[in-house]
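Undergrad: All chains, full assembly: derive it from the sequences and hints.
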Amino acid sequence: QSVLTQPPSVSGAPGQRVTISCTANSSNIGAGSAVHWYRQLPGTAPKLLIYGNNNRPSGVPDRFSGSKSGTSASLAITGLQAEDEADYFCQSYDSSLSGVVFGGGTKLTVL
Amino acid sequence: EVQLVESGGGLVQPGGSLRLSCAASGVTFSSYSMNWVRQAPGKGLELVSYISSSSTTIYYADSVKGRFTISRDNAKNSLYLQMNSLRDEDTAVYYCAKGGGSSGYYKFDYWGQGTLVTVSS
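Respectively, the protein sequence lines represent chains H and A.
So the first sequence is numbered by the working numbering: it starts at 1 and just counts up by one.
So the second sequence is numbered by the working numbering: it starts at 1 and just counts up by one.
You may find that some hints are simply not true.
Claimed, not checked - List of simulated lysine-lysine pairs, BS3-like, C-alpha gap at most 30 Å:
no. : chain 1 : residue 1 : chain 2 : residue 2
1   : A       : 76        : H       : 47
2   : A       : 76        : A       : 65
3   : H       : 107       : H       : 47
4   : A       : 43        : H       : 107
5   : H       : 47        : A       : 43
6   : H       : 107       : A       : 76
As the list claims (entries may be wrong) - Listed below are several chain A residues computed to face chain H (Cβ distance under 10 Å; list not exhaustive):
no. : residue
7   : 8
8   : 59
9   : 100
Unchecked claim - Not close to chain H: a few residues of chain A, all C-beta gaps over 12 Å, as computed:
no. : residue
10  : 23
11  : 30
12  : 56
13  : 77
14  : 91
15  : 104
16  : 113
It should be emphasised that the hints constitute simulated quantities derived from the structure, not laboratory data.
Fair warning: this is a prediction, and the values are worked out from it, not measured in the lab.
By construction, the Cβ of each residue, glycine as well, lies at the ideal position given by its N, Cα and C atoms.
TA: In structure tokens form, the structure reads like this:
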């Protein structure tokens, strides 16, 4: 069981907005921890998509945004495109475990 | 451009050993912590091992503690993972990932393409 809980799947039509949640089951992931998001296209390695809760690395379009409140975070994707179909993982740091924790991943299907 | 290239994966019998390597370029390798993250078939991501820039701090997941050894050679811009006493459940794609940030803000900002390790008789 992952320390960070994500829905196994979400879907949306092209052009729509979807959100993926990431909820901690520990109060140890709070103000002192940031949430990062990774996108894994089929058959490829994960790639950093959002870091520090709401920052985009260079080259990531502004259709992708992140937010965090307390022990929950969300990834929002607007203007959904076929190439957004991928697995999305959240990641944070649990001070009680003294280490990195990942969510179980969410498969995004573009209808 | 940062590039991480893993090698050394393959098919090995239970109880066997493998040594993974990761060659880094486009980055001041000696300045950053490095990691091995694995992904079992159809599963999520698991941090296997972490090593600080100067090798002074090392972390292992409980699932591999005592069997795997991480190391690095900053002169060769290379990261290694020695895997002994391999088990079926170690079957996964192993990714080399560069670390960024500290403690609560730690992230994996660059990833290699991965190398597949299959443990099977």
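Undergrad: Now look at each hint and say whether the structure bears it out.
TA: We went through each hint and held it up to the structure:
no. : hint            : verdict
1   : 76/A with 47/H  : 25 Å, holds
2   : 76/A with 65/A  : 26 Å, holds
3   : 107/H with 47/H : 15 Å, holds
4   : 43/A with 107/H : 11 Å, holds
5   : 47/H with 43/A  : 16 Å, holds
6   : 107/H with 76/A : 38 Å, violated
7   : 8               : 16 Å, violated
8   : 59              : 6 Å, holds
9   : 100             : 8 Å, holds
10  : 23              : 15 Å, holds
11  : 30              : 21 Å, holds
12  : 56              : 16 Å, holds
13  : 77              : 19 Å, holds
14  : 91              : 17 Å, holds
15  : 104             : 4 Å, violated
16  : 113             : 5 Å, violated
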